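Undergrad: Sequence:
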Amino acid sequence: MPFSCSFPTRHTDTFTDTGFVHAGVLLALTDLAYAAFEEHCGISKPEHVVAVQRETRAVYHAPLPWKEGATIEVTTTSTNERGFEQEFSVSSTTTGTAIATFVHVWAWLDTVSFRGIPLPPDVQYLLQRGTPPS
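Numbered according to this note's numbering, the sequence shown spans residues 1 to 134.
Treat the hints as calculated values from the structure; they're not laboratory data.
Note that this is a predicted model, so its numbers are computed, not measured.
Beta carbons are placed, not taken as given, at the ideal position from N, Cα and C, and that holds for glycine.
Please note: incorrect hints may appear among the correct ones.
Said to hold, decoys possible - Label pairs and their in silico Cβ distance ranges:
(1) P118 x E87: 19 to 27 Å
(2) S44 x M1: 17 to 25 Å
(3) S134 x G19: 13 to 21 Å
The whole structure should be built from the sequences, with the hints applied where relevant.
TA: Listed below in structure tokens is the structure:
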């Protein structure tokens, strides 16, 4: 079962005067969803290690009116020691309408050495499972 979280959206999130949430805001919300997912799964890493996107793909299905809020389902589709891939399905919190699908390929980066950090097997397991350890 995918991890799900919701975020309010505001009138300041819109693209010009359209009344629809800007695509860049939707992308930023996927970062917040990842942070919530990581916490939900009980994943911890040193403060100087961050998850960074190596690649992002996006497909937009419909505009999101700013008053509706965004619900994001996070599913890890693959993991290995070099990183992991996740799908973020964005829908309207109010209507359930599919808004966009983002796929991020992530790696862990050591911000001191600027080198990639291998994902330990237990972290790969938690990412793939998508639930806290029992």
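Undergrad: So which of those numbered hints doesn't the model satisfy?
TA: 3
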